[in-house]
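Taking my numbering, the leading residue of the sequence shown gets 1, the next gets one more, and so forth.
Just so you know, the hints here were simulated from the structure itself, not pulled from any lab data. Among the hints, erroneous ones may be present.
Result set (BS3-like, lysine-lysine): computed pairs, CA atoms no more than 30 Å apart in a straight line [what the hints assert, rightly or not]:
#1 K197 x K162
#2 K413 x K162
#3 K504 x K197
#4 K519 x K197
#5 K286 x K197
#6 K145 x K504
#7 K127 x K197
#8 K127 x K145
#9 K519 x K162
#10 K286 x K339
#11 K145 x K192
#12 K204 x K192
#13 K127 x K192
#14 K204 x K519
#15 K145 x K162
#16 K145 x K197
#17 K413 x K339
#18 K413 x K504
#19 K519 x K145
#20 K504 x K192
#21 K413 x K464
#22 K286 x K204
#23 K169 x K197
#24 K169 x K204
#25 K127 x K204
#26 K204 x K162
#27 K162 x K127
#28 K169 x K127
#29 K413 x K402
#30 K504 x K519
#31 K145 x K169
#32 K162 x K192
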Amino acid sequence: MTSPDRSSWLGLASFAFILVIAGVIYLGVRRPSSHAPPPPPTPIGRDRVTPIRDDVEDLVYALEDMFETQRTAMVQFAPDQATALYTGDFAGDVFFDDAPWTDDLTLPHARTAARAATPGARPDLAKLARAFLARFDSIDAITYKFDGLDAPQGDEVRGITKVTFVGRKDGLPTEIFERYDAVFRRVAGAWKVASLKRSRATLKQGTRPVFVDATRALGLDVLPGVDCHWCSYDLPQIHNGGLAAGDYDGDGDLDLFVTRLGQSLLMRNDGGRFADATAGSGLERKAAAAGALWLDVDNDGDLDLLVTAACQPGDCSDGCALALYRNDGGGRFTDVTEKALGRRRGPATSACAADVDGDGDLDLFVAMYGEPKKVESTSQKVFTRSYVRARDGVPDLLFINKGDGTFEERGAKAGVADTGWGFACVFFDADGNGAPDLYVVNDFGEHVFFRNRGDGTFEDATSKLGVRDVGFGMGASLGDYDRDGDVDLYVSNMYSTAGNRILKKSPEIPEDLRRRLLKMAQGNSMLRNNGDGTFAEVGVETGTNSAGWAWGNPFLDYDEDGWPDLYVANGFSSGRARKDL
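Using the sequences and the accompanying hints, generate a full structural model.
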């Protein structure tokens, strides 16, 4: 994959999400030796992508263009234009028909309903569209997905189509999801919908507010910190966006440290409203930051601050990868990075802390990403040769606290210098022996589990965990989702409808690789603790796998019913033009 310039990062991001999943076979499918680095990377040019552009994929783009007409009309509340994509003899269900909804689940704040299929001729589609639109005061988004499409048979093709409407009614959120067995027919050179048979439909509607957008009222409507829009699509800036909450001033409420593309911000909580307290705090460093972590590294009772930055070695002469600030009290911090950690360069993404050696103070683990590699004799760069088994990232770091304000880096000695492309990490006691174990989530390469031996060193116990998880990992969180008394782990990856569709119809991919790639396209993973030191992956079973391009994913009991819920932040910018894929 070539290194992106600012104007082409949009397309590259979509490649990582969709085509790379299906095209990994072209990147090399042999399992690399565990003792040898991957072979030199091979660039992926347009000729390398062409083989997976077949009739079905061409049809997908044509159907997406067709439905874009309906999407635009529905968002603009123009029902007559919304019906133009149906054939004159259309029959069956339709996205906006008048089939009744049946209440399925009612909560204090929301209700869920379902409706069945109502096959039959649909002569007055515009009338039905008007009635459907009455369910919304505004429509924020409409998305169409194709889970399965057969190869076209003449001028007709069958497949599975999904549509989601998201909007608001009376100020409350409304979402409608529907799944159809569809028949499309080409009429005068243009594809139209000939029939739809509904297989699933769900209405989710708020009945009273649960959350209110208080961003502006709380003083937290901060900007990215840079004037250049396209900067956000370039490396290393795309890895920024961390947020840390902690009571740094000891007044009993939570303050925030907000990382940005420009100067990060210290936001002090002053009785429920936040004020920018960066100036004069000692945290005015202007380097872009990727993540932040409040922690008491010197055991003096107040919170110090660690900041990570996914900078590239050649770009950062001051060693911006890590910055450690000691809390001096009174809202002032001192940069103690050089003394405590040493000035370090490289792509640091996130960090986590625990007392890994049991000596009473906090140690630090830093997840490191990777660096695009130049291909000899060309000006091109690639990320990694194998997105499935990547082990050519920068080694992760483990800093052991020596108790005197300094740390010793022991990642390799402790056995945790993983060379996957690290994006997130979490310490937790997986086996109940009182020593914190470590789970590392990699963007490229398999996620890794390290079991603490109890002496500050770790065993790579990934193969013993019961789960081998892989999937463009972004985040991890802990919670007892099934309330059985032990901690479970939720990992955010990326869900790819296109990846699932392409992989299922690519017979040339070896079955072992197909299984791994399908896992990568499957989305998020819920790792259920079996209570014996092993875990089971139940993302699909629990309905927590499909969350788009997922990032952070905290557990929280938002409805206060005693069960931990999940909030998954997701999304990325991409274009609609085919060249952006």
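Take the C-alpha atoms of K145 and K504, compute the straight-line distance between them, and say whether it is at most 30 Å. With Cα atoms ~16 Å apart, K145 and K504 stay inside 30 Å; holds.
Checking one constraint from the list: CA of K162 to CA of K127, max 30 Å. Satisfied? holds, 22 Å
Regarding the pair K504 and K192, is the alpha-carbon distance no greater than 30 Å? holds, 25 Å
Do the alpha carbons of K197 and K162 lie within 30 Å of each other, as the hint requires? holds, 11 Å
Within a Cα-Cα threshold of 30 Å, do K145 and K197 meet the stated pairing? holds, 16 Å
Agreement of K145 and K162 with the hint, judged by alpha carbon distance not exceeding 30 Å: Holds - the C-alpha atoms of K162 and K145 are around 5 Å apart, at most 30 Å.
Within 30 Å, alpha carbon to alpha carbon, are K145 and K192? Given that 30 Å is the threshold and the Cα spacing comes to 16 Å, the pair holds.
Is the straight-line distance between the alpha-carbon of K169 and that of K127 30 Å or less? OK: K169 and K127 at ~20 Å, within 30 Å.
Is the hinted pair K519 and K197 satisfied, with a Cα-Cα distance of at most 30 Å? Between K519 and K197 the Cα gap is close to 29 Å, so the pair holds against 30 Å.
Quick one, are K413 and K402 close enough, alpha carbons at most 30 Å? Distance of about 15 Å is within 30 Å: holds.
30 Å limit on alpha-carbon distance, applied to hinted pair K519 and K145: Between K519 and K145 the Cα gap is close to 19 Å, so the pair holds against 30 Å.
Between the alpha carbons of K413 and K464, is the straight-line distance 30 Å or under? holds, 21 Å
Violation of the numbered hints given earlier is confined to hints 2, 5, 18 and 22; the remaining hints are satisfied by the structure.
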